[in-house]
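Asks: The lines below spell out each chain.
Protein chains: 2
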Amino acid sequence: MGIKVLRRVSVVYLVLLFVSFLVPVHGRLLSSPNKPDPNNAAATARWLVTQNSWGVLNTISIDLRGAPFGNVVSFSDGEPNYGRGIPYFYLTTLDPTARNALKDQRASFTVSEYPLGTCGKTDPENPTCAKITLTGNLKLVDEKSKEAEYARSALFSKHPEMKDWPKDHSFQVFKLEIENIFLVDWFGPAKPLSVAEYLKPRPSPSKPPTSFPPL
Amino acid sequence: MGIKVLRRVSVVYLVLLFVSFLVPVHGRLLSSPNKPDPNNAAATARWLVTQNSWGVLNTISIDLRGAPFGNVVSFSDGEPNYGRGIPYFYLTTLDPTARNALKDQRASFTVSEYPLGTCGKTDPENPTCAKITLTGNLKLVDEKSKEAEYARSALFSKHPEMKDWPKDHSFQVFKLEIENIFLVDWFGPAKPLSVAEYLKPRPSPSKPPTSFPPL
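Chains as they are written, first to last, in UniProt numbering: chain A, 1 to 215; chain B, 1 to 215.
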């Protein structure tokens with residue numbers, strides 16, 4: 001093996017090593033020091049959704065007597081720190097969740113604060129460790145629409161490896177059209193929070209991302 | 001394609017192969033030396049359930065047009081490292097999940113390897129990052145039974161604060177009677193795994209716990 005090849009190997013290796021360190025910053029979002037005040041239900045809900053990179057997507061099972069079927073999925077509601085609140089997914093009908101949704105759109109999506117590392121030593125079910133369930137309809141997004149373009153940017157920015165998922169699996173963009181929000185972020189009953197309050201745009205932390213297509 | 005290009009392709013391929021072996025080994029060694037071989041579906045499933053302290057419990061919603069409703073809950077299948085595979089929960093009818101189950105027992109319980117930290121740098125939806133969905137019936141356990149006694153020991157050993165949860169919330173022990181198992185722990189389709197294979201007792205890592213009542 002010549003010097004040139006060796007040098008090329010070292011460079012490739014270093015680049016890969018560097019990239020492997022970069023990736024988790026996107027895949028597993030670092031804990032945010034900016035957890036909103038629990039009295040601000042809308043801000044807390046949006047923070048929970050935008051900080052998480054995965055959750056459990058629940059559909060009505062075709063195969064299992066109509067049972068509620070929860071499935072671990074990656075998702076994104078926008079570029080990191082610029083979420084718009086609507087969760088997008090990249091699903092294949094090789095997996096039961098997409099097949100279920102194409103038959104019956106009723107679905108919910110559940111996310112916990114616990115894996116963010118911001119719950120400290122409290123129990124995952126302690127009400128101060130926030131949790132949210134968005135219920136609504138899980139819909140296929142027209143792949144040629146501007147919304148699908150936005151969703152792909154949102155998904156790929158948080159989950160870089162999605163771009164390389166097997167083409168023959170025919171992954172497609174789905175979104176949850178939210179109809180109801182169940183948020184627990186403190187003692188007492190679930191926080192009242194309307195979909196309109198939840199979807200209201202948040203002030204951007206700094207300048208808006210330039211890489212995103214408009215909706 | 002010239003010899004030089006071919007050589008370059010081979011070298012890049014070898015480097016990629018090398019790195020792909022390095023990354024998961026690094027992730028796994030750091031976090032848990034005990035993740036079973038993915039070819040051993042039963043051991044992997046039991047490891048996933050016993051190592052996790054929380055998951056998403058899905059029921060058919062009374063309030064939301066029969067939608068599948070996922071809820072973040074704490075659970076236990078036994079004292080740490082001595083799980084028996086059946087997830088027990090401590091639920092109150094102040095929360096929709098218990099109310100739903102008392103009306104319609106169909107349920108599933110979903111757990112991910114991702115929050116354990118053993119997935120290394122892979123995406124939460126990458127199939128090498130294991131996930132499991134147990135589907136069946138969510139049942140109230142008779143509070144005076146030996147099983148409820150066992151379940152409370154199992155729950156309180158993993159979730160000490162449960163003992164102090166408000167008495168007037170009337171928390172009760174529920175269990176998932178498993179009928180179907182959906183396990184993904186590697187590339188390819190979900191692993192075939194019967195409930196009998198899953199529930200078969202595992203060899204204890206050392207002496208059995210003495211604090212546990214027999215079933």
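Don't take every hint at face value.
Any copy will do: because identical chains look the same in the list, a pair fits if it lies in one copy or spans two.
With a Cα cut of at most 30 Å, we get these calculated DSS-like pairs of lysine-lysine [stated by the list, open to error]:
hint, residue 1, residue 2
1, 35, 103
2, 167, 121
3, 144, 35
4, 35, 121
5, 146, 191
6, 175, 121
Read the hints as simulated data drawn from the structure, not as lab findings.
Asks: Determine for every hint whether it applies to the structure shown.
Replies: Evaluation of the provided hints:
1. 35 / 103: Neither. Shortest intra-copy (38 Å) and inter-copy (36 Å) distances fail the 30 Å Cα cut-off.
2. 167 / 121: between (42 Å within a copy, 22 Å between copies)
3. 144 / 35: Answer is neither; intra-copy 36 Å and inter-copy 42 Å both fail.
4. 35 / 121: both (16 Å within a copy, 25 Å between copies)
5. 146 / 191: neither (33 Å within a copy, 37 Å between copies)
6. 175 / 121: Between. Shortest inter-copy distance 25 Å satisfies the 30 Å Cα cut-off; intra-copy 33 Å does not.
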